[in-house]
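Novice: Protein chains in written order, with our numbering: chain A, 1 to 112; chain B, 1 to 144; chain C, 1 to 177; chain D, 1 to 500.
Rather than coming from a laboratory, the hints here were simulated on the basis of the structure. One or more hints might be untrue.
[To be verified] Derived EDC-like pairs (lysine to aspartate or glutamate); straight-line CA-CA distance at most 16 Å:
1. D:Lys372 - D:Glu445
2. B:Lys9 - B:Glu58
3. D:Lys446 - D:Glu356
4. C:Lys71 - A:Glu97
5. C:Lys175 - D:Glu445
6. B:Lys103 - C:Asp87
7. D:Lys409 - A:Asp103
8. A:Lys98 - D:Glu158
9. A:Lys98 - D:Glu156
10. A:Lys105 - C:Asp87
11. A:Lys100 - D:Glu156
12. A:Lys105 - D:Glu158
13. C:Lys175 - D:Glu485
14. A:Lys108 - D:Glu156
15. D:Lys495 - D:Glu481
16. D:Lys165 - A:Asp103
17. B:Lys2 - B:Glu62
[Stated by the list, open to error] Covered by chain A, per the in silico footprint, the following chain B stretches (three or more residues, Cβ under 8 Å):
18. 33-40
19. 129-138
[As the list claims (entries may be wrong)] DEER-style ranges, computed between Cβ atoms:
20. B:Gly102 - C:Ala26: 46 to 54 Å
21. B:Lys103 - C:Lys22: 30 to 38 Å
22. C:Phe96 - D:Pro69: 44 to 52 Å
23. B:Gly102 - C:Lys121: 25 to 33 Å
24. C:Ala95 - D:Val424: 16 to 24 Å
25. D:Leu39 - A:Leu2: 51 to 59 Å
26. C:Lys22 - D:Pro69: 53 to 61 Å
27. D:Gly462 - C:Ile85: 51 to 59 Å
28. C:Leu25 - D:Ser274: 57 to 65 Å
29. C:Arg86 - D:Gly462: 47 to 55 Å
30. D:Val391 - C:Phe96: 40 to 48 Å
31. D:Asn204 - C:Lys83: 41 to 49 Å
32. C:Phe96 - D:Leu39: 46 to 54 Å
33. B:Gly102 - D:Pro69: 25 to 33 Å
Note that the coordinates shown come from a computational prediction; the quantities given were computed from them, not determined experimentally. Yeah, the Cβ is synthetic: ideal placement off N, Cα and C, and Gly gets one too.
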Amino acid sequence: MLPYIGCIILFLIGIYAILTKRNIIKIAIGFCLLEYAVNLFFALIGYKKGSLAPIYTQINQQRNFVDPIPQALVLTAIVIGLGTTALLLSVAIRLHEKYKTFDIKEIKRLKE
Amino acid sequence: MKGMTVIVKTITKLLCGLIFLYGIYIIAHGHLTPGGGFAGGVIIAASFILLILAFGSEEFKEQMGYLYSSIFESVGGLLFLLIALFGLLLGISFFYNFLPKGKLFMLFSSGIIPLCNLAIGIKVGAGLFAIFLAIAASRFIIKE
Amino acid sequence: MIELYILLIVAIGAGIVAVEIKDLLASAISLGVVGFSVAIMFILVQAPDLAIVQIVVEVLTVIIFVGVILKTTHIDTTWTKEKEIRDYLAKGIFAFFAIFFLTFSLLAFKELPGFGKPIMKIASHYLIKGFEEIKAANQVAAVILDFRGYDTLGEATVLFTSVIGVLTILRKIGKTK
Amino acid sequence: MNYLPLFTALPLLGAFLTPLLSKIFEKIGDIISTIITTLLLILSIYSTFLLPIFGNIYVYEIGKWSLSPIPLGIIFAFDSLSLLMVLAINLLSFACAIYSVRYLDGYTGRWKFWTLFLLMVAGLNGIAITGDLFNLFVFTEISAISSYALVAFGVEKEDLEASFKYQVIGEIGGLTILLAIALIYAKTSTLNMADIANTLTNENKGILFWFIVSLLTFGFLIKSALFPFHFWLPDAHSQAPAPISAMLSGIFIKILGIYSLSRLVFNIFGLNRSNAPHYFDILIVLGILSIIIAGFIALRQTNYKRLLAYSTISQVGYIFVGLGIGNFWGVVGALALLFAHALGKGLLFLTAGSVEKTSGTLNIEELCTSQKRLPFYGVIYTLGALSLAGVPPFLGFFPKLFLILGAIKEKMLGVGIVLGIFSVLTLAYLLKITNKVFTNKKEGEKVGVPISTIFSFLLLIGLIFILGVFYFNYLYPNLIEKAGEAIMRGIDYAKLVLMR
Numbered sequence: 001m002l003p004y005i006g007c008i009i010l011f012l013i014g015i016y017a018i019l020t021k022r023n024i025i026k027i028a029i030g031f032c033l034l035e036y037a038v039n040l041f042f043a044l045i046g047y048k049k050g051s052l053a054p055i056y057t058q059i060n061q062q063r064n065f066v067d068p069i070p071q072a073l074v075l076t077a078i079v080i081g082l083g084t085t086a087l088l089l090s091v092a093i094r095l096h097e098k099y100k101t102f103d104i105k106e107i108k109r110l111k112e
Numbered sequence: 001m002k003g004m005t006v007i008v009k010t011i012t013k014l015l016c017g018l019i020f021l022y023g024i025y026i027i028a029h030g031h032l033t034p035g036g037g038f039a040g041g042v043i044i045a046a047s048f049i050l051l052i053l054a055f056g057s058e059e060f061k062e063q064m065g066y067l068y069s070s071i072f073e074s075v076g077g078l079l080f081l082l083i084a085l086f087g088l089l090l091g092i093s094f095f096y097n098f099l100p101k102g103k104l105f106m107l108f109s110s111g112i113i114p115l116c117n118l119a120i121g122i123k124v125g126a127g128l129f130a131i132f133l134a135i136a137a138s139r140f141i142i143k144e
Numbered sequence: 001m002i003e004l005y006i007l008l009i010v011a012i013g014a015g016i017v018a019v020e021i022k023d024l025l026a027s028a029i030s031l032g033v034v035g036f037s038v039a040i041m042f043i044l045v046q047a048p049d050l051a052i053v054q055i056v057v058e059v060l061t062v063i064i065f066v067g068v069i070l071k072t073t074h075i076d077t078t079w080t081k082e083k084e085i086r087d088y089l090a091k092g093i094f095a096f097f098a099i100f101f102l103t104f105s106l107l108a109f110k111e112l113p114g115f116g117k118p119i120m121k122i123a124s125h126y127l128i129k130g131f132e133e134i135k136a137a138n139q140v141a142a143v144i145l146d147f148r149g150y151d152t153l154g155e156a157t158v159l160f161t162s163v164i165g166v167l168t169i170l171r172k173i174g175k176t177k
Numbered sequence: 001m002n003y004l005p006l007f008t009a010l011p012l013l014g015a016f017l018t019p020l021l022s023k024i025f026e027k028i029g030d031i032i033s034t035i036i037t038t039l040l041l042i043l044s045i046y047s048t049f050l051l052p053i054f055g056n057i058y059v060y061e062i063g064k065w066s067l068s069p070i071p072l073g074i075i076f077a078f079d080s081l082s083l084l085m086v087l088a089i090n091l092l093s094f095a096c097a098i099y100s101v102r103y104l105d106g107y108t109g110r111w112k113f114w115t116l117f118l119l120m121v122a123g124l125n126g127i128a129i130t131g132d133l134f135n136l137f138v139f140t141e142i143s144a145i146s147s148y149a150l151v152a153f154g155v156e157k158e159d160l161e162a163s164f165k166y167q168v169i170g171e172i173g174g175l176t177i178l179l180a181i182a183l184i185y186a187k188t189s190t191l192n193m194a195d196i197a198n199t200l201t202n203e204n205k206g207i208l209f210w211f212i213v214s215l216l217t218f219g220f221l222i223k224s225a226l227f228p229f230h231f232w233l234p235d236a237h238s239q240a241p242a243p244i245s246a247m248l249s250g251i252f253i254k255i256l257g258i259y260s261l262s263r264l265v266f267n268i269f270g271l272n273r274s275n276a277p278h279y280f281d282i283l284i285v286l287g288i289l290s291i292i293i294a295g296f297i298a299l300r301q302t303n304y305k306r307l308l309a310y311s312t313i314s315q316v317g318y319i320f321v322g323l324g325i326g327n328f329w330g331v332v333g334a335l336a337l338l339f340a341h342a343l344g345k346g347l348l349f350l351t352a353g354s355v356e357k358t359s360g361t362l363n364i365e366e367l368c369t370s371q372k373r374l375p376f377y378g379v380i381y382t383l384g385a386l387s388l389a390g391v392p393p394f395l396g397f398f399p400k401l402f403l404i405l406g407a408i409k410e411k412m413l414g415v416g417i418v419l420g421i422f423s424v425l426t427l428a429y430l431l432k433i434t435n436k437v438f439t440n441k442k443e444g445e446k447v448g449v450p451i452s453t454i455f456s457f458l459l460l461i462g463l464i465f466i467l468g469v470f471y472f473n474y475l476y477p478n479l480i481e482k483a484g485e486a487i488m489r490g491i492d493y494a495k496l497v498l499m500r
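Chain A with its partners taken away, still in its complex shape:
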């Protein structure tokens, strides 16, 4: 139970960065934190007390393994996170090139 709450706190820090910060890089960092929080939460779900990583070895034929599915899903989620971060940062570079600032308050040409 406690580790889950830690993940939620990390998640909230990410949300905090996205909602209150005005710097684009800070917003991107907030996204990374969000991704880590969700990935960690997912990985924790699969953990089973006193079990081993789900890999058979020639020496140890024990079959008490943790859940392999969350690991496979988190692997996918990490890659997706990397892709979105890269795309966000490339937009950030272009915005800085055009506006010479990372402040989202000054990047406001589209109005209601």
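Go by the hints and put chains B, C and D onto chain A.
Specialist: Showing chains B, C and D alone in chain A's frame:
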């Protein structure tokens, strides 16, 4: 991006090949030990990234980098997709594991998994190298 | 599992530093601290595959962040001592949301199976079939490339998409007219 | 129907081939995408004939992992609802691909456009046919990421700003959905949608259940741009290239938001008006707020595409009111409106692209004084607008009738009256463009129209007219009624899938 000192350059020369080999090992043993196509692909990309960071991007021909990475990425993706489609061509099912499974703990075992790892490794390595080139290394925005 | 709690505290602390510090370069490096503590936590919960991928991805993420910051600027110009009303408003909304979310999730987590006791309805079948039918030693590889290979095709495609997307966005000229 | 994997494999094949072959021949992307979208359209039309033979639901097991006794692999669960969605996706993407061939002449980086376009189509098709929850998330991300890049395709200041805003909001939605999937997995220990539905019915609906439902609803409402979450849409949809605006407004938000949400809420969680009335009331309230607020903002717009974008928000409101009414006629109305709006709004955005190409601006006041006569676009635009507003002989008429009928059957007269009155508002803001841009020009130079443009316009307007006139002969009984039944089936979906 400028190159680094001579110490870094020398150590990079020694390490770079080893890192590349380690990436290949991780890909090839993906179905036996932790790792696999994705981790190995990133490590292979990292060996190239180390080269550029140490020696600087002036000596590196960027356009060739984009060309090769884009070709390898498409080839990796196509390879993976064709492995998946081959099961459909056989009339069995999409993503059917059509190869003989072999013996446990052998390098050539578990059917299509090593092949898929290889395809993903090529694709991921090339793709991440292209991202690095575009975002971090090149001094200019891509011309087109 | 005391290590897990210590690492969680480290990650949360580094996360706060990454969000609040003025220098963007320091911020990116603190993000690296969070990423590496997440990687070590993956090892602690018996997920070596994830740990390897998390470490290499984290290295790459930090390199990209540092590259972007070096190309542009490393000073957060929005970081000021005096705050506007709008900032307090945003913080107030966030605090309200955070309390609501935390209580809701606390109540909800009580109904989950406890930490360290997963149900493993399908996973137990996977572990047997992966060993006997696919003959893969690494069960995670068996899951991502055989049982759920189609997801991995999607994952590889996501990366492909973002590479093409990055190349698209970094074009010098978009319209010729 | 064992060709189902081709719905995603074909566009992916095209997307991987395009960068490779474009090194040899620059415009190869045009040919590849035209061929692939045509093939996809043929496949989806073929499916309309084949699906009834299989009893309106077909389950495909990927990798030959059998569904019983326990669902090991990923499955495709292709039912009447998926069929309607696949048909809408591929019709519109075919028209947009044909249209883009000439439209792209003013842009650089042609092969990048086509690659991203094909990836987006692959993602949308993948969402519509999948029967696995995590797979749904992966394909959502594929189409979302390609749309972020496509919005910024022009790389002007405004495009980048719109893309940034869209990306931030969209990713918050995506990560919320991922968190919800993690919780679902922790609770049920399975990812197959039918199996999840089966497991959840036997459990009592406690706080965890509602936490998951609210997280998913939040995520999908962001993606579908209902009222409080709509602020990214006008920017993104007005700054994208015209064919992409047509895809985004026409089908993208509906597959990512509305289809996914209704599949999960009705078929997986088994919610309906009798066991969760408050949830559906919230949907109705948000929908009506969208209709009213976005409608009035649209009336004040001075930009052609921004007006259409606000109109999309308002029409999404109609669809959510229909889902919120929750009885058979409400749901059927929502689905019929989804289909009609996909074709109609797609067509209107395509005309916006042509007007921008010929006149060089999208500001309505500037267009009013410009010296170009555009009679062809004017006629097409007006017919499409009439259909969207629900004027009788066209496709858009019956959906609104169904919605009002549903509201009356559920004894919500107020809702029915609001829906009826605000159709007039729709007509008002859409015809504002006809009035200002197309009609008040007696003389001026006439502009030629490219053949590919004529073809795609006539295809869409022909479908809107013919399907509208013969509504009860083909479209309603064969597609929409069955799709409505698929939603109203509730959690019997799980039994149908797992029985195969």
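Novice: Which hints, by number, does the structure contradict?
Specialist: 5, 6, 7, 13, 15, 21, 24
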